[in-house]
Amino acid sequence: MAYTSQHIAPAGILSAVQHFFASIGNALVLAAEANPRMKRVQALQRLSDAQLAERGIKREDIVRVVFRDVLYL
0 MAYTSQHIAP AGILSAVQHF FASIGNALVL AAEANPRMKR VQALQRLSDA QLAERGIKRE
60 DIVRVVFRDV LYL
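When you number the sequence shown by numbering that gives the first Met the number 0, it's gap-free, plus one each residue, and the end is 72.
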């Protein structure tokens, strides 16, 4: 015979703080993903290696090419 138990921790101040910081983190991720440069990176990543070669870009250089004026890579 198997026994199971379910423990639900009471929601307290620690849980509220955790949810607060999680929501800030989620907002930062959404903001980063909405960045036009990130959309450009994603579009280039969807291309084949042959298509990238036509543009003179290697797959490992996509981020460097898109962010070259900002990150000085």
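Simulated from the structure, these hints should not be mistaken for lab results.
Quantities reported herein were computed from a predicted structural model and do not represent experimental measurements.
Every residue gets a Cβ at the ideal spot worked out from N, C-alpha and C, and that includes glycine.
Do not take every clue at face value.
[Claimed, not checked] Here are the computed distance ranges between Cβ atoms for each label pair:
1. Leu-27 to Tyr-2: 37 to 45 Å
2. Ala-21 to Arg-67: 29 to 37 Å
3. Ile-23 to Asp-68: 49 to 57 Å
4. Ser-14 to Val-64: 42 to 50 Å
5. Asn-34 to Lys-57: 42 to 50 Å
6. Leu-13 to Asp-48: 45 to 53 Å
7. Asp-60 to Ala-10: 45 to 53 Å
8. His-18 to Gly-55: 21 to 29 Å
9. Ala-21 to Val-69: 21 to 29 Å
10. Gln-41 to Gln-5: 34 to 42 Å
11. Thr-3 to Leu-27: 35 to 43 Å
12. Phe-20 to Gly-55: 24 to 32 Å
13. Tyr-2 to Gln-44: 30 to 38 Å
14. Ala-52 to Gly-11: 27 to 35 Å
In this structure, is the beta-carbon distance linking Ser-14 and Val-64 contained in 42 to 50 Å? 43 Å, holds
Holds or violated: the 37 to 45 Å window for the beta-carbon distance between Leu-27 and Tyr-2? With a Cβ separation near 43 Å, Leu-27 and Tyr-2 satisfy 37 to 45 Å, so the hint holds.
In this structure, is the beta-carbon distance linking Tyr-2 and Gln-44 contained in 30 to 38 Å? 50 Å, violated
Does the Cβ pair Phe-20, Gly-55 satisfy 24 to 32 Å? 42 Å, violated
Okay, Thr-3 versus Leu-27 on CB: inside 35 to 43 Å? 38 Å, holds
Hint says 29 to 37 Å; check whether the CB-CB distance for Ala-21 and Arg-67 agrees. 33 Å, holds
Determine whether the Cβ-Cβ distance between Gln-41 and Gln-5 falls within the hinted range of 34 to 42 Å. At roughly 41 Å between Cβ atoms, Gln-5 and Gln-41 fall inside 34 to 42 Å, so the hint holds.
Quick check on a hinted range of 45 to 53 Å for Leu-13 and Asp-48, using CB atoms only. Holds, since Leu-13 and Asp-48 (Cβ atoms, about 49 Å apart) stay within the stated range.
Between the beta carbons of Ala-21 and Val-69, is the distance compatible with 21 to 29 Å? At roughly 28 Å between Cβ atoms, Val-69 and Ala-21 fall inside 21 to 29 Å, so the hint holds.
Cβ separation of His-18 and Gly-55, checked against the hinted range 21 to 29 Å: Check failed, 47 Å falls outside 21 to 29 Å.
CB of Ile-23 to CB of Asp-68, is that within 49 to 57 Å? Violated - the Cβ-Cβ distance for Ile-23 and Asp-68, about 28 Å, lies outside 49 to 57 Å.
Starting from the hint 42 to 50 Å, judge whether the C-beta atoms of Asn-34 and Lys-57 obey it. Roughly 22 Å apart at Cβ, these two residues miss the hinted range, so it is violated.
Figure legend: structure checked against the earlier numbered hints; hints not met, in rising order: 3, 5, 8, 12, 13, 14.
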